[in-house]
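J.: Please model the entire structure based on the sequences and the hints provided.
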Amino acid sequence: MTAQLAGLLLFLIPFAGALLVPLVNFFAPRVVPWLAVLFGLASSLIAFFLLGGTPAGAPITLDILPGFFRSGLLLDPLSLLPALIATWIGFLVLIYSLGYMKGEENLARYYALVLLFIGGMVGMALADNFLALFFFWEVMGVCSYQLIAFFYKDPKAAAAGAKAFLTTKIGDIGLLAAIIILAVNSGSFSFSVNFGAAAGLALPVLGLVAFGFILGAVGKSAQFPLHVWLPDAMEAPTTISALIHAATMVNAGVYLLARVSPVLALVPWSLTLVQWIGAITALLGALLAAFSNDLKRILAYSTVSQLGYMVLAVGVGAAFASQFHLFSHAIFKGLLFLCAGAVIHAIGTRDIRQMGGLYKHMPAVAITFLIGAMALLGLPFLNGFFSKDFILEEVILGGAWGPLALALIAAALTAFYALRTTFVVFWGKPKPAFYQDTLPRAIKLPQAFSLPQATHPHKTPANMVVPLLALALACFLSWLLVGPLSEAWIASGLPAPALSALELIRETFSSLAFIFSLTAIAVGLFLFLQRARLARYFHEQEPGWIRAASRGLGFDDLYTWLADRIRDFGDWVLMVWEERVMEGINRFAAWASLGLSRLSCLLQTGDVHWNLLYVTLTLIVVLGVVLW
Amino acid sequence: MVSALVILQLLPLLGALLIWILPRNRIPLAGWLTVLFALAQFALTLSLMPNWGVAQLPFLGMTLSFCFDPLAATALLVISGATVVASLYALRSKDAAGAPARSKGFFALILLVLFGTSGVALARDLIQFYLFWEAMLIPAWFLVTLWNEDPAKVKATGLKFFIITHIGAVLMLASILWIYSLAGTTNMDQLITFLPSLPLATLVPMTLLFLMGFVVKLAIFPFHTWLPDAYTSAVMPVTLVLVGVLTNIGIYGFARFLPFFPSNAGAALSLPLLIAAVVTMFYGGIQALVEKNVKRIVAYSSISQMGYVLFGFATLTAFGFSGSILNLYNQAATKLALFMALGMVAEAAGTWQIDQLGGWAKRLPLAAVVAVTAMLSLVGAPPTFGFWPELLTFTGGFASGQVLLSVLALVASVLSVAYALRLIRFVFYDPLKAQAQGGLVRTPWTGNLALVACFLILLFFGVYPAPAYQLVQGALAFLGLGG
Amino acid sequence: MSVNLLPFVFVLFGLGLFCLLTRRSLVKLLIGLELLGKATTLAIIWAGVVRGTPATTQSIALLVISIEALVVAVYLALVYAFHRHNQSLDTDDMRRLKG
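Protein chains in written order, with this note's numbering: chain A, 57 to 684; chain B, 45 to 527; chain C, 66 to 164.
If you are wondering where the hints come from, they were derived from the structure by calculation, not from laboratory data.
Only a predicted model underlies this, so the values are computations on that prediction, with no experimental measurement involved.
Check before you lean on any hint, since a few could be wrong.
[Stated by the list, open to error] In silico DSS-like pairs for lysine-lysine, Cα to Cα no more than 25 Å straight-line:
{"id": "1", "chain 1": "A", "residue 1": "K209", "chain 2": "B", "residue 2": "K336"}
{"id": "2", "chain 1": "A", "residue 1": "K209", "chain 2": "B", "residue 2": "K477"}
{"id": "3", "chain 1": "B", "residue 1": "K199", "chain 2": "C", "residue 2": "K163"}
{"id": "4", "chain 1": "B", "residue 1": "K336", "chain 2": "A", "residue 2": "K212"}
[Said to hold, decoys possible] Residues of chain A placed beyond 10 Å of chain C at every Cβ, according to the derived structure:
{"id": "5", "residue": "V87"}
{"id": "6", "residue": "V93"}
{"id": "7", "residue": "F565"}
{"id": "8", "residue": "L574"}
{"id": "9", "residue": "V579"}
{"id": "10", "residue": "R587"}
{"id": "11", "residue": "G662"}
{"id": "12", "residue": "D663"}
[Unchecked claim] Only part of the chain A face toward chain B is listed, based on derived beta-carbon distances under 8 Å:
{"id": "13", "residue": "A114"}
{"id": "14", "residue": "I116"}
{"id": "15", "residue": "D119"}
{"id": "16", "residue": "G123"}
{"id": "17", "residue": "A214"}
{"id": "18", "residue": "F221"}
{"id": "19", "residue": "L222"}
{"id": "20", "residue": "A239"}
{"id": "21", "residue": "L558"}
{"id": "22", "residue": "I561"}
{"id": "23", "residue": "E563"}
{"id": "24", "residue": "D620"}
{"id": "25", "residue": "R623"}
{"id": "26", "residue": "N642"}
A virtual CB, placed ideally from N, CA and C, is assigned to each residue, including glycine.
T.: Next comes the structure, spelled out in structure tokens:
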């Protein structure tokens, strides 16, 4: 199998699955989940053909709009990384879903959409042109909308799905505008042609293009100020949250920025903008995560924050560092979400104030969650540590001191919320009043591996634990791949430092960033240890910004207010303009024509004498005209 | 060739005559005959496809001139296909209480509308074009006024529909007579060489008068007021005919006649038309966002979408034209699917009010799936058909150099996402209202068939638009717009 | 020829018109109509005399008279039907064409 064919199959297999699943559902609904897993497995096996050593093969292309647009595959390390992450994490999510979604309604819809989602991400990453990228980008938007609103009977879920779609659509129009402007200029959608032609564009036009790309990435990757949809997306099944946060969707924006960095480099202010967006997002996300009490919302804000780091890395021109962190983040965030899913599955709430001491009941979940959290805060020798320090180092090298300061504050806050969440949920004081009667004494490791039983309350079935263990292991090991990754980047001409794992260790520990980030962790640890005092302070003083932070710093309120104003305007247009003015014109026309007809009706007396008189008068007039 | 085109033209009329001589009570048979004749026209168009050409036919002392080119074929495929879908849906669906019962005349009138529109699509002579334009409006008026769900307002609605659409038609007639007085002929092939010799000061008002007929038909702001009333108060199958046949023939008219007039006249009108298009997008969108009646929401969304169609044409670029002609297919399939799916909900729920609906995805899953797909196509999201016309339209906008207006058009598409999401959410999602609880609703198989057909079209062309795009490119070549 | 019939024709015509415009009885209207008809016939004949083609105009006059007879028959039939229906011969009772 050639690499081109493998790349094609990598997203065609999930798509075929998405097509087949609803059909099979007519005959055998019971096999649907397993069929979906099978397609996921096939796709993740195919992915091995793309790892290197496979001959590239003849390019596979398809004429979509003959004479205007032909789509093909681009297989370079930059594109393969998100594609492989999507395939593999997607596969784990599918396995996990077997247990998690058991007994839910509309499973065919669920599995079809998940497969479509995975395929969309892979297709987006492997496209060799902007239009196919945008096509799959939007396919993902559609899937996320449908999956977030999967429990459609819940108004909150329905609203969250719509919000995600609408918010990302705002970014999408920027992306579409940028793509079209480039295409109109170069006559093609292909990356290579456009990167060549972009240099010939006038700076204002190029600025518009760069802004469009940034807007698209900001929407999709939930960056400030369009981050509002991601926390609400928590209404989705937790599996979907894991998929969105680790494997698909939000990675797309970072990938896009890394992909178009040659264009961004042409516009001086755009990289600065990207840096600041990334840094502000990192800080904002960490701050909001520190003040949330909803387990999934904490993780969501944490994703926002980590994506901020990646965007910041792109902003200082370190695409490799951003992709490296993307890789680490996919693993530990996938792990954290799946753990959170197990917790929520077991006790049926998402509020961490009602959790505590869960280690006794689900040790496997607790330990893996701890590993994930440590990777998140950047404990040395976990994957998050290396990739985050790599980014900070690049920021220092890039001389972006302002963004660096924000990023370090964010790192301290990250350490704080990671510790807080882990300890409150798994080691804190149990809150027996809430869940003792709902939680079986028996969720311990041996039974956690036993087959799931359909009785309520849920246990943690084996097919939910296996993905956790796999991901936890990957948290320890994935950074070792930095060597092959950087080799592959350099081999395909992308800008990356030549690094092996050993050099990474040496560089990391000898850099300024290491000291900075250790300090940040220490500050975070200090904050965590002082949390009782902090809580008392906040409770007594209740500064205004704290209330604002727990309400998402007012962004939601602002956007809601804006939407309401638009709706008010619409109401006004409907009531005043449409109903009064437009209808008024119509009414006047009708009234005038009716009036004219009434007037002419007066002539029609029905009296034969009047008629005769008209005849006579007409005769006289005609005669007069004829004679003179 | 002549006989084939004449048969193509007369098929719907034959069908209508056949239904006329049927016994009064054979209503289902009349429905099936409608389906059959529209399908026959569809098949004949397909089979004639590569044999493009013009046919002259002496008739009552004048010469009828039929032209079968890719654009005409596109229009014929869409209108006959839409008639098939509408009459399939009409066969088994039930109307709201208070609407008059179907009779065989109902189906005969549908075929007569198809007859008129086919004539419009095939005409190569301005007078002939105008005659068929009228021949299409009159049966449509009968359909709107006779089969109406809202007896209280039917008089006003019918009058509005008749007067506004006829103002457009009369302005078009004025332009035709003006052209005839100057050129001495109404044959389009002869006029193409004559018109460029006219001064610009004559051409611009002449073109504008002519296009007014289509502007009204597309319901461009401020000539849109007939549309929401007509769509809303007519029974569902009539709405489908209006949506699938009449609106699309307006699109066809633009495609046919905007390049027909010399390009300097088009260039002078480009900017005003673009502005009208953008205003229409926003106007329709914002109305759809606040309107409470589901059918009116879709009606206003249709107005907004027609803004995009006009935008594509008004850019005067090959991209914009391909986008708008591609929209012939897309708008028909999208709007038919959306209206049918929502019609099924309304039929089961007995109301069109959005605040009394909700949660119907549970009881009507097929309609929900199709409605979501159609909604995505409406807002131009892949993998549905709507993405490609929208892409081409915007490309046309940027290619014509109107960056500001193009960006505004893009912003308007966020508005369409907003209203479409609202529509889907409050009809299909959220909890089911208490009085609407129950199991799956059984819908008639003919309606389901029509629904699934539209759904498959939307998805297939969404993934692989090449066949439609190629036909559109052929049409552009015939119109002299490159391609 | 010393006699000029034209003033007589006009007087006859005017009388007929006056009768038509002022009388309300359907029978009187018939008389007015007949007066108009006779005036016209006379005018035709007199025109033949003046222009020297009496044979042609007299034959036309004969045709007119015979057609008038038919008109009278139809008119009377209508009047009879109206009377049977409405028990009246008054034109005030026939206003169904009022707009």
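J.: Decide, hint by hint, whether the structure agrees.
T.: Status of each hint after checking the structure:
The straight-line distance between the Cα atoms of A/K209 and B/K336 is roughly 21 Å, inside the 25 Å bound, and the hint therefore holds. A hinted pair counts as satisfied when its Cα atoms are at most 25 Å apart, and A/K209 with B/K477 qualifies at roughly 11 Å. The hinted pair formed by B/K199 and C/K163 meets the criterion: a straight-line CA distance of about 23 Å does not exceed 25 Å. The hinted pair formed by B/K336 and A/K212 meets the criterion: a straight-line CA distance of about 21 Å does not exceed 25 Å.
Residue-level check passed: A/V87 sits 77 Å from the nearest beta carbon of chain C, beyond 10 Å. Even its closest Cβ contact with chain C, about 80 Å, leaves A/V93 beyond 10 Å, as expected for a residue assigned away from the interface. No Cβ of chain C approaches the Cβ of A/F565 within 10 Å, the least distance being about 103 Å, so the stated non-interface status holds. Consistency note on A/L574: stated as away from chain C, and its beta-carbon is indeed over 10 Å from all of that chain's, at 99 Å minimum.
The beta carbon of A/V579 is kept farther than 10 Å from every beta carbon of chain C, the shortest such distance being approximately 94 Å. Distance check for A/R587 against chain C: the nearest CB is about 91 Å away, which clears 10 Å, and the non-interface claim stands. At the 10 Å boundary, the C-beta of A/G662 falls inside the reach of chain C, the nearest C-beta of that chain being 3 Å off. Look at A/D663: its CB is around 6 Å from the nearest CB on chain C, not clear of 10 Å, so calling it non-interface is violated.
For A/A114, the suggested interface contact is broken, since its CB lies about 21 Å from the closest CB of chain B, more than 8 Å. For A/I116, the interface hint is violated, the least distance from its beta-carbon to any beta-carbon of chain B being 15 Å, above 8 Å. Interface restraint check: A/D119 against chain B, minimum CB-CB distance 6 Å, threshold 8 Å, status holds. The interface hint given for A/G123 holds, since its Cβ lies 7 Å from the closest Cβ of chain B, which is under the 8 Å cut-off.
A cut of 8 Å between beta carbons decides the hint on A/A214: the least distance to chain B is about 4 Å, and the hint holds. With a cut of 8 Å, the hint placing A/F221 at the interface with chain B holds, because the nearest CB-to-CB distance is about 6 Å. At its closest, the beta carbon of A/L222 sits 6 Å from a beta carbon of chain B; the interface hint therefore holds under the 8 Å criterion. Using the Cβ-Cβ criterion of 8 Å, the hint placing A/A239 at the interface with chain B is satisfied: the shortest such distance is roughly 7 Å.
With 8 Å as the threshold, the beta carbon of A/L558 stays out of range of chain B, its nearest partner Cβ sitting at about 45 Å, so the hint is violated. The interface hint given for A/I561 is violated, since its Cβ lies 44 Å from the closest Cβ of chain B, which is over the 8 Å cut-off. Interface hint at A/E563: violated, since its Cβ lies 43 Å from the closest Cβ of chain B, which is beyond the 8 Å cut-off. Taking 8 Å as the C-beta cut-off, the interface hint given for A/D620 is violated, the closest approach to chain B being about 11 Å.
The restraint placing A/R623 at the interface with chain B holds, with a minimum CB-CB distance near 6 Å, inside the 8 Å limit. Because the smallest distance between the Cβ of A/N642 and any Cβ of chain B comes to about 6 Å, under 8 Å, the interface hint for this residue holds.
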